[in-house]
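Top to bottom, those sequences are chains A and B.
Counting in the numbering used here, the first sequence runs from 1 upward without gaps.
Counting in the numbering used here, the second sequence runs from 114 upward without gaps.
Please keep in mind that the hints were generated in silico from the structure rather than gathered at the bench.
Heads up, some of the hints might be wrong.
[Stated by the list, open to error] To be clear about the criterion: a stretch of chain B counts as covered by chain A if any three or more of its residues have a C-beta under 8 Å from a C-beta of chain A, and this derived list gives those stretches:
no., segment
1, 152-159
2, 188-199
[Said to hold, decoys possible] Sample of chain A residues at the chain B side, in silico, Cβ under 7 Å:
no., residue
3, TYR22
4, ASN31
5, HIS42
6, PRO43
7, ILE47
8, LEU92
9, MET100
10, GLY104
11, GLY106
Cβ atoms here follow ideal geometry from the backbone N, Cα and C, with glycine treated the same way.
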Amino acid sequence: GQQVMQIPQYQHVQEGEDFTTYCNSSTTLSNIQWYKQRPGGHPVFLIQLVKSGEVKKQKRLTFQFGEAKKNSSLHITATQTTDVGTYFCAGLENNNAGNMLTFGGGTRLMVKP
Amino acid sequence: NAGVTQTPKFQVLKTGQSMTLQCAQDMNHEYMSWYRQDPGMGLRLIHYSVGAGITDQGEVPNGYNVSRSTTEDFPLRLLSAAPSQTSVYFCASSTGLYNEQFFGPGTRLTVL
Numbered sequence: 001g002q003q004v005m006q007i008p009q010y011q012h013v014q015e016g017e018d019f020t021t022y023c024n025s026s027t028t029l030s031n032i033q034w035y036k037q038r039p040g041g042h043p044v045f046l047i048q049l050v051k052s053g054e055v056k057k058q059k060r061l062t063f064q065f066g067e068a069k070k071n072s073s074l075h076i077t078a079t080q081t082t083d084v085g086t087y088f089c090a091g092l093e094n095n096n097a098g099n100m101l102t103f104g105g106g107t108r109l110m111v112k113p
Numbered sequence: 114n115a116g117v118t119q120t121p122k123f124q125v126l127k128t129g130q131s132m133t134l135q136c137a138q139d140m141n142h143e144y145m146s147w148y149r150q151d152p153g154m155g156l157r158l159i160h161y162s163v164g165a166g167i168t169d170q171g172e173v174p175n176g177y178n179v180s181r182s183t184t185e186d187f188p189l190r191l192l193s194a195a196p197s198q199t200s201v202y203f204c205a206s207s208t209g210l211y212n213e214q215f216f217g218p219g220t221r222l223t224v225l
């Protein structure tokens, strides 16, 4: 079945440093979604990418969808303590039977003030 | 709108006990799903429903049952709890898989 891998699993950064998490799928995706989960909280939707090579920005966050639609990345510029949490990607497999979002294992971001 | 609500927030069970985790949404969403979250393993899909009266298995369905008699409610039943089912359970709803998934606050379950 479809597998979605995320790296790194953990990342410690100093406040102000940049951060990137990568998401790779074993199959071609029709779309990919990104979520953020604060410690003790529930996942909250950030964005969805649909088109090959798509790039979207939300303030300091930049999301990319690969040309082959099998990988994606989330880049945070100049991290702040409010960025702390776990970031998940979730992919929808690009086939007629694709009825399930498959989540990556997440990248836990810790920011030292 | 309350969004997606889950009860209880915390539960401790003994091995072999059964219970139902409740999930309700007031957004008239057709698609609902249950996930379990274990450390380092992300969110794994247990069961999902694309509408009232329709349910299907996800990645890890064994030991769990679901039903969808109304659009609003999607309860998850543990038939005979096992320690391996200790986890945090999240319910989610959306207008479809191509759209934002709205998650409930979660139920933290411990099976002794």
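Checked hints:
no.	hint	result
1	152-159	holds (count 6)
2	188-199	violated (count 0)
3	TYR22	violated, 14 Å
4	ASN31	holds, 6 Å
5	HIS42	holds, 4 Å
6	PRO43	holds, 5 Å
7	ILE47	violated, 9 Å
8	LEU92	holds, 5 Å
9	MET100	holds, 5 Å
10	GLY104	holds, 6 Å
11	GLY106	holds, 5 Å
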